[in-house]
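Engineer: Chains as they are written, first to last, in my numbering: chain A, 1 to 516; chain B, 1 to 323.
Heads up, some of the hints might be wrong.
Derived DSS-like pairs (lysine-lysine); straight-line CA-CA distance at most 27 Å [claimed, not checked]:
1) A:Lys294 / B:Lys172
2) A:Lys372 / A:Lys260
3) A:Lys138 / B:Lys290
4) B:Lys266 / A:Lys260
5) A:Lys260 / B:Lys172
Hints listed in this document are in silico derivations from the structure and should not be mistaken for laboratory results.
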Amino acid sequence: MTIQSDEEASRLSTQPKPVGQTRRGDPLGPLRMGWRQLTSMRTALLLLFLLALASVPGGFLPQRRLNPLRVTQYIGTHQTLGPLMDRLYLFDVFSSPWFSAIYLLLFISLVGCLLPRTRLHLRAMRTKPPKVPRSVAKLPVSDRWETTQSTDEVMARAKASLRGWRLVRRDHELSAERGYLRETGNLVFHVSLVVLLIGIALGAFGGFKGTVLVVDGKGFSNTIASYDDLQPGRRFSPSSLVPFSVQLDAFEATYAPDGKALTFDAHVHWARLGGVSKAYDVRVNHPLVVGAAKTYLIGHGYAPHIVVRDSTGQVVDDRLVPCLPQTPEFLSTCVIKEPNTTGQQFGFRAFFTPTTITDAEGRVGSSFPGLKNPVLTLTAFVGDLGVDGGTPQSVYSLDTTAMKRVDTQAHALLPGQTYRLPGGASLTYVDTQQWATFQVTQDPGKIVALIAAVGMVGGLLLSLFVRRRRLWVRVGVAEGGPTTVEVGGLARTDAERFADEFAGIVTQMRTTTVRE
Amino acid sequence: MPNQALGQLGDALLFAAVVVYALAMLGFAGEQASRKARRAVTAVRAESKVLLGAGGPPVLVPEETVTVERPSRAGRFALALTLCGWFIHVTSLVIRGFAAHRVPWGNMYEFSSAAALVAVTFFLVLVARGTVERGLGAFVMLPVVLYLGLAASVLYTAAGPLVPALNSYWIKIHVAAAVTASGSFLLSGVVALLYLLRSRYDDRLADRQQPRFPVSLGAQLPPAAVLDRVSYSIIAFAFPVWTFAVIAGAIWAESAWGRYWGWDPKETWSFITWVLYAGYLHARATAGWKGRKAAWVAVAAAGALIIDYYVVNIFVVGLHSYA
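Using the sequences and the hints, build the whole thing.
Structural biologist: Here is the structure:
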């Protein structure tokens, strides 16, 4: 028995043969050529490498969709190169025209390759295994022996040894083939890629993502107006928003002694429009699911409870101020604006430190993310906040151009303490609550993408592990002499394993044949 | 609370495994060296064989598997050491799991250890099945020892609980698949490099040139066709596993972060790795790309995997920058 090169075995492929030049005078000639070029394996391979290469900047540079702040910082520190890189979409790689061009061409090339291959495969599934080649001995694996049995007996033995193979007998010859699922799997995998792209597109067009920050005791409803940040798809309609509301009862985090976070829990009550309110625990990896909408816990922080009184002692503000964490130990910053204290407007830049430490130079810091020794450190400004002009302002920034500092030093408050301001007004730091950020998403393409993913893995397994192979038997009957049996086989992949399988089949055929 | 004493036992065992692997590597190298002396005699015969094969279709029959030499004691001892190291390695991971009360692949230190274990397991399976000679061990154990050394020194983390983002049953599925695929891919990368070395060595011989170091190491290697096939079969195994790992990661991301794909740096590099391995599988079946070019693709893909692991976890800011 011999094993030859697998060059020969590649004949088993259903891959279309490369076609030569186009006919002369064909007006569509150049178009045909272009199409052939695009759908050729070489081009597909090139596009595949281009796709990988094009993703590289997206893997190293900050991306606007993930972290707009870091993009601004990057452009700020790279004054000359930054704007140029921005113009080349290097901070929006995955929505850039060049990235889209590559993957669209790749998918066109894929479809162009898939259609003829599917047609060929469907045809191959219907056709019978091909006739026995003229010279069985020249096949990559072959064997030959003599027996006293009749052709029918040999054929019966052969058929018994070839269970699971597709068989066709032509007089003294038997053709067998199996492993059609390899190409089926291959096609399923590639079709699934197209389906995946459709799923992604469905989500990008009809989906929606909204983010909202909620302090303890407050809530939000799933409406456009509730969200601090909204990313709707291009074809998103607000009427598809699932009507429900969520109220944050309390946010709770626990930490290991070294400051590593152990658990995050947002205890909420939620209700559908007009429905009964139910308790739920939104955690990381444990979103709240209401119909097609999923609510995730994506961030948290501290919200000092403050009460502001004017000179007459009347409460003009009583609320929780969300402070944004700047360090893993939750040194947080926030801004407090008080435009309604009679006669004067106050603004504060605040540091909140849950477990406060003070260094040698008197700077405050936080040494632990949990609430052990909270301090609210305020720098007060008096003057014009600029909020009356009607231009929208961020609640996290304070414009002090028309203001002056109240004290030369920052003022530290412990819970319960009050900061007396000039003119008789005061700010009291009552206690500390927390806030949580929720993200609500609706993605109509998710299920499609999941089905595609299953198809990809299934198809891949079939196409990599099913082996397509053919086997032929020819029985030669000489007048008065013994019957000669010739067996040969051909496998496209894994020639070694096929050689073993072939030897096994031959042994089975021979032993059962000899026993008579 | 994690059991620190048990955790330290696990660390000590991993260290022992690295030492045993290093000794095994020396054993394999010793066997190679003693064989090299004998092989010099048959060099002329080998050369004529290569010339016969040149230009024709790739010859699938391993040219030098006909080992008439008596089995080397150093080699057998090295294989026994590898097996021994493997057992110690497995034990260290199991103990680590008990110490931390969770699956032992929750941070980079543990991930590296588990991935190296996959690579060694794969190598042992290949040797047991007779696909490769154990002599390849010298080339395989070197990166394994370096990789584990890096894990135990730079990436070391004491046994502890997981950060909340990782606290999900998906860590068992997604990370286990990622570990299996990574360990296998890294091994295939090593084999692809060895293939490139060996095929260059064959070229030199065909040109009747005396190969110089490091190309001369090719004499110690299995035939190029064998290396090519081994590298392919490892990738054919690992690619669906990696595909599954990425998909499981996407499903997990959907339940943890609210979207199944967001081009986070880790996702981006996993995608690049995936695309390059897909490219390798296609390249190997495309005329003009077979052989060396395809092997370079496999090496580039392993490079992307290394970036995905080390660079993204340590230097790039993203959702995976923990541990």
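Engineer: Evaluate each hint against the coordinates.
Structural biologist: Taking the hints in turn, this is what the structure says about them:
| no. | hint | verdict |
| --- | --- | --- |
| 1 | A:Lys294 / B:Lys172 | 24 Å, holds |
| 2 | A:Lys372 / A:Lys260 | 15 Å, holds |
| 3 | A:Lys138 / B:Lys290 | 25 Å, holds |
| 4 | B:Lys266 / A:Lys260 | 22 Å, holds |
| 5 | A:Lys260 / B:Lys172 | 21 Å, holds |
Against the hints set out earlier in the document, no violation occurs for any number.
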